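Please arrange chain B on chain A, whose structure you already have, making use of the hints.
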Amino acid sequence: MLIYILRRLVWTAVVILAVLFVTYVVFFELPNGNPALRFCGKEPTEQCIQQTDARLHLNKPFYIEFGYFVKTFALGDENGWPGLGYSYGNYISVRTEIIQRAPRSLWLIAGAAVIWLTTGVGIGVLSAVKRRTLADRAAMGFALVGISAPVFWLGLMALYVVWKEHFWIPGLNHLTGGSGYVPLSDGVDHFLAHMILPWSVLALLYAAIYARLMRNNLLETLGEDYIRTARAKGLSERQVIFKHALRASLIPIVTIFGLDIALLVGTAIITESVFNLQGLGWLAYNAAISQDLPTVLGVVLCTACAVAIMNLVVDILYAFLDPRVRYA
Amino acid sequence: MSSTAPLLEVRDLSVRFRTRDGVVQAVSNLSFMLRRGETLGVVGESGSGKSVTSLAIMGLLNRAHADVEGEIFFEGKDLLKLPPDELRKVRGQDISMIFQDPFACLHPMYRVGKQIAEAVRAHADVSKSAAWDRAVELLGAVGIPNAAVRARDFPHQFSGGMRQRAMIAMALVHNPDVLIADEPTTALDVTVQAQILELIDDVKREFDIGVILITHDLGVIAETASHVMVMYAGRAMEHGPAHEIFTAAQHPYTWGLLESMPTIEKRLEILVPIEGSPPSLLNPPPGCPFHPRCKYRFEPCDNKRPPLAPIPDGHLDACHLSAERKREIWRDRIAAELGVTA
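Here the protein sequences line up with chains A and B, keeping their order.
Numbering-wise, our numbering comes out as the position in the first sequence, counting from 1, plus 123.
Numbering-wise, our numbering comes out as the position in the second sequence, counting from 1, plus 253.
Chain A on its own, in the form it takes in the complex (with noise of 0.2 Å):
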């Protein structure tokens, strides 16, 4: 096992790096004019896009230049490691800047992630068994509205329902502290009150998605020989179903899972407009419209690494659930 989990990490370091290239090559060598011009602002000096040309390494051949690139990202700049630079626009450090708003997503993608996961697989479960009645059509029914509305609306209709107007419920904008990110460390009461309506907004699509795919797999499941053998035994049905069903049909949803949390990490870009949380995905989008490169490689950088190392825990997940990918 130990083994195995290091063959991976190495496997992953390789994949990052060719991340790296592509990524490289698309933002630095692809567009046209010299990256220097647009570190130099409106009106660059020649002095300056020297500068930049020497500090860049842009004034010597390709291959030394992403040379230069990944030594400085490997052994880290003077702001530290990992070393991705400084920004276009504001000449802040990428690495200081995603540091910073790296939490802000990384807290809504994992209280989302919970709270999707928790509902989508109850409800699933709960379709499945109580197949073709109310509560199954009605669980359908939800998951339904949940893929198909659009994040964006319902996270404006969710704001404005549930803070701006509260109506029905007297006091339902305490619960809620509107739009905005308060970090941890103001209080956990203040920090949840802002979190609540972006994690469920975030989870509602997620949920539904979950909720129809978990519903198939215990289907499908259920129909298998080996639920019929714990039947013949004699298993009481919730045995059946909690026990030797649902761990079958959970496979999928820990290979999903995995990647959605992943992919999440720099495109969660909506809710965290809508909510003005101004994480990862908040700022990949302004740094692409800006053409600001180093802040758009660094996030894609944050995404490859939060891909690869979900893979590499899905696939340890994957072996403590299935003993056949264990031994082969």
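Honestly, the hints are just simulated from the structure, not real lab data.
The structure presented is a predicted model; accordingly, all values stated were derived computationally and were not measured.
Heads up, the beta-carbon is just placed ideally off N, CA and C, and yes, glycines get one too.
Residues of chain B clear of chain A, computed beta-carbon distances all greater than 12 Å:
| id | residue |
| --- | --- |
| 1 | R264 |
| 2 | G300 |
| 3 | D320 |
| 4 | E328 |
| 5 | S382 |
| 6 | D386 |
| 7 | G393 |
| 8 | D430 |
| 9 | V445 |
| 10 | L452 |
| 11 | F460 |
| 12 | T477 |
| 13 | H496 |
| 14 | G567 |
| 15 | H573 |
Heads up, simulated EDC-like pairs for lysine to aspartate or glutamate below, C-alpha to C-alpha not over 20 Å straight-line:
| id | chain 1 | residue 1 | chain 2 | residue 2 |
| --- | --- | --- | --- | --- |
| 16 | B | K334 | B | D320 |
| 17 | B | K457 | B | E476 |
| 18 | B | K342 | A | E360 |
| 19 | A | K366 | B | D406 |
| 20 | A | K253 | B | D338 |
| 21 | A | K366 | B | D378 |
| 22 | B | K367 | B | D386 |
Distance ranges between label pairs, derived from CB positions:
| id | chain 1 | residue 1 | chain 2 | residue 2 | range |
| --- | --- | --- | --- | --- | --- |
| 23 | B | R273 | A | I270 | 25 to 35 Å |
| 24 | A | G199 | B | A383 | 56 to 66 Å |
| 25 | B | E459 | A | D438 | 43 to 53 Å |
| 26 | A | R254 | B | D274 | 13 to 23 Å |
| 27 | B | R273 | A | L125 | 52 to 62 Å |
| 28 | A | R370 | B | A383 | 23 to 33 Å |
| 29 | A | G245 | B | A383 | 33 to 43 Å |
| 30 | A | S271 | B | R273 | 25 to 35 Å |
| 31 | B | V379 | A | R254 | 26 to 36 Å |
| 32 | B | E390 | A | F443 | 21 to 31 Å |
Coordinates of chain B only, in the frame set by chain A:
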């Protein structure tokens, strides 16, 4: 036939499935009984209602889709009228079942020993370690070498024969009275088939239980069954002691099955397949269900259903042909066969 009271008695069992295309008559008016020490072989082609019958006995049919009528008596109780929780206590404790594909039937993610221990704890209030010990003991008893170690294996680490042995061990956990084996050897290598059949036979003798052996292979039946029931299109065509079925089969369908069975004397070119295929159970043919494929059909066969009735020398048969006509046909067939082999 022995004089002991029947262990299991099925009376007038009918199973219908409601499907989108209509009602499927999977089993119609089936009656039979099983005594201790007997092996009842149930033969028939795919879709003849063999497995559905066994699932009905186990109470494993989804009653939301299947209409089950009739009576299944076990220890004086009608299993079809038992509440689900009572029926659950019978399953795996008094009546056990093993299935066709032992790989698909074992949970791929649990250790073999654990799955057997789980069966122990389903009906007995014992500790986990005691249940595990019982699982190891049973695995040893069904011929798994080094059972204490192999119990920690997962099903994919077992060979096909070992998996079926594990299934048998699981079925024997509570010393059941009835063991239903649904095509237990179909998915196994020929060499392993004989071992498994032998094991089932040993188990039957040792525990003095009744076995229902479901198969489409008459060869399997010939080796172990004491009684044979031939099923076709959800109905019993012929039912009687095994030696009578093999030496004096009465029903043209049974003849067909026997003729299509390869043996060491018969070479492939003289095997005679039964022409045609089994009827759709959505709208079964009127009269005798076998008449569209029967070489000897005559006037009443296509509109009057022959009852399953005892013939003069003992066993039950559902055919309109008179005993005399059958003897004639027999003579012709034997003559023809001798002519071919001579």
